[in-house]
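Novice: All chains should be modelled from the sequences, with the hints used to inform the complete structure.
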Amino acid sequence: MQAPESQSLPHRDWIVSVSPHVKSNETVAKIMWTVVACLMPPLFLSVFIFGVQTLIITAVSVISCVAVEYVSQKALKRPVSIMDGSAVLTGVLMAFVIPPGVSIFLPVLGAVMAIYIAKHLFGGLGFNIFNPALMGRAFLLATFPVAMTSAWLAPVDGFAIFSYFASGVDAVSTATPLAVMKEQGMAKFVEMFGSGTSLYTSFFLGWRPGCIGETSGLLLVLGGAFLIYKKYITYHIPVSVLGSIAVFTWIFGGEGWFGGDPILAVVTGGAILGAFFMATDYVTGPSTKTGQVVYGIGIGALTVIIRLKGGYPEGICYAILLMNPLSSVIDGFFKPKRFAGPVGGAK
Amino acid sequence: MAQKFLPTLTAGLWKRIPPFRLVLGLCPSLAVTMSAENGLGMGVATGFVVMLSSGAISSMRNIIPAKVRIASYIVIIATLVSIVEILMKAYFFPLSEQLGIYIPLIVVNCIVLGRAEGFASKNPPFISMVDGLSVGTGYAISLTLIGSIREILGAGTWFGMPVFGEWFEPMSFLVTAPGAFVTIGTLLALQNLFSRWRGEKFIQG
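Chains as they are written, first to last, in UniProt numbering: chain L, 1 to 347; chain V, 1 to 205.
Everything labelled a hint here was simulated from the structure, so no lab data went into it.
Note that the coordinates shown come from a computational prediction; the quantities given were computed from them, not determined experimentally.
Idealized CB from N, CA, C, for every residue including glycine.
Hints should not be assumed to be uniformly reliable.
Said to hold, decoys possible - Simulated restraints, written as ranges between beta carbons of each label pair:
(1) L:S150 / V:G165: 30 to 40 Å
(2) V:E97 / L:P336: 50 to 60 Å
(3) V:A71 / L:S81: 52 to 62 Å
(4) L:K335 / V:A71: 26 to 36 Å
(5) V:L26 / L:P79: 49 to 59 Å
(6) L:A59 / V:Q191: 49 to 59 Å
(7) L:R338 / V:K201: 43 to 53 Å
(8) L:F334 / V:L193: 25 to 35 Å
(9) V:G199 / L:K30: 51 to 61 Å
(10) V:G165 / L:K30: 20 to 30 Å
(11) V:E97 / L:A75: 36 to 46 Å
(12) V:L190 / L:A59: 41 to 51 Å
Unchecked claim - Example chain V residues on the side facing chain L (calculated, C-beta under 10 Å, incomplete):
(13) L133
(14) P170
(15) G179
Specialist: Written out as structure tokens, the structure reads:
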């Protein structure tokens, strides 16, 4: 028997969602596009450091991610949401963690892995266990190990970029600071990149070989600070990741105990990019504050272990991927207390 | 008998093809299909064991007590696997070195036990051997296909012969274990897509 009220109501689909029923002006699209905007300054700087190549690779990566997102959503009969910016963000982040000298075929393959396999086959946005951009990078690193570990470009001095193009030289390949440190030792590192405060400054500003978007710590920190100011991310994950990388490198990184160089460990490699933009992904990270600190320390510790003892010079990509599936477990340990206990009082 | 012959002969090649339809025997499919040659060798060895064990078990199905049937099947299968192992060591030594422990492990391959339990224990010997032949051939075809895809894209060769020019950069991801998962998953998805498009009914088991 049908209730009489239901006939008087106009027909519409009622959506029942779980609490809290608090409305906000923030939408997925707004947050995603803001993060993309925060990543633009490092991208433009990379053009001055490495050349227009970086812009082309980023564009190819973004276009193929959006295309794969569209095709996946069509194929899996899901609503097409390419305008919400999440595929664009994945594309930008994936381009940021690949070397500037690779062929433009690589980001296309990486996009298929990142968007279709790592995101849509796991259920789409909000259900992916692993960070899609980092899955793309890990896939590319396993698929093309030679290109992904040798296609580094040497940074161009100042505004010499224009004369550099006129000279007709394609690129000057080199090695990343972490790879030099790992394979040839500290002495060679000092010989190639110098030492002291000027080294920290030039590395922090971004004038060093590395992946497309990871070099400029300054611009990444500014972008991250803007996201923290907008309350899109909190300081917990970035601070705990960078802090634990610094502390663990200081303890274990040198010849004896407490002999490592914490500042160098933070400004080289992808530590800052990973801490502010990769580890803070809502979907693949924990949502409790304590959980985020534990998660961040785990990422930092794994990064240092891979850097010092593992086979790769840089480890933050794998560190984040290894901590991703643990995030819900970590959240489970730090459940917030309920305001009202069970009937009869808490036991 | 005659009505059953053709469907049984073709079932293992599409409707029941392992490891895609009959999702059994995944372990060797993932582990040894680094190259087309390894896949073919493993598939033929398994197919040989499936066919002969189905025949032997079927002919003894009335005298094996039901309570100890699994143990009895294992004894028969283990005998056949030992024969295959010794034959491969004698005539295909490099291949048997490459396949290593996976040849003795055919004993616990679920396809062999699955066909024995699911088909040979209920049917007469000839049709059971036909079933074993068809499932074994299907397995050999699948493993060769998986191995070919992984070898061509992952190493740039097919049965050891280079297929691409100098420009080709091998995608070493496909030669690793995750590459095997992705290859098998993709092939399974394509087969399902094709079956759905043709409106086939899926036969499980």
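Novice: Look at each hint and say if it fits the structure.
Specialist: Status of the hints after comparison with the structure:
At roughly 21 Å, the beta carbons of S150 (chain L) and G165 (chain V) sit outside the given window of 30 to 40 Å. Taken as a hint, the range 50 to 60 Å holds for the pair E97 (chain V) and P336 (chain L), whose Cβ atoms sit roughly 58 Å apart. Hint check: A71 (chain V) to S81 (chain L), Cβ distance near 56 Å, so the stated range 52 to 62 Å holds. The beta-carbon spacing between K335 (chain L) and A71 (chain V), approximately 49 Å, falls outside the hinted interval of 26 to 36 Å.
Taking the beta carbon of each, L26 (chain V) and P79 (chain L) are about 34 Å apart, not inside 49 to 59 Å as hinted. Between A59 (chain L) and Q191 (chain V) the C-beta distance comes to about 36 Å, which lies outside the given range of 49 to 59 Å. Look at R338 (chain L) against K201 (chain V): about 51 Å separates their beta carbons, and that is inside 43 to 53 Å. A hinted range of 25 to 35 Å for the beta carbons of F334 (chain L) and L193 (chain V) is inconsistent with their spacing of about 43 Å.
Distance hint check: the CB atoms of G199 (chain V) and K30 (chain L) are about 45 Å apart, inconsistent with the given range 51 to 61 Å. The hinted range of 20 to 30 Å is not satisfied by G165 (chain V) and K30 (chain L), whose Cβ atoms lie roughly 49 Å apart. Distance hint for E97 (chain V) and A75 (chain L): a CB-CB separation of about 43 Å, consistent with the stated range 36 to 46 Å. The hint said 41 to 51 Å for the Cβ distance between L190 (chain V) and A59 (chain L), and at roughly 31 Å that hint is violated.
Among the interface hints, the one on L133 (chain V) is violated; its C-beta lies about 36 Å from the nearest C-beta in chain L, farther than the 10 Å criterion. Restraint check, P170 (chain V) versus chain L: the minimum CB separation of about 9 Å is within 10 Å; hint holds. The beta carbon of G179 (chain V) is positioned within 10 Å of a beta carbon in chain L (closest approach about 8 Å), and the interface hint is therefore held.
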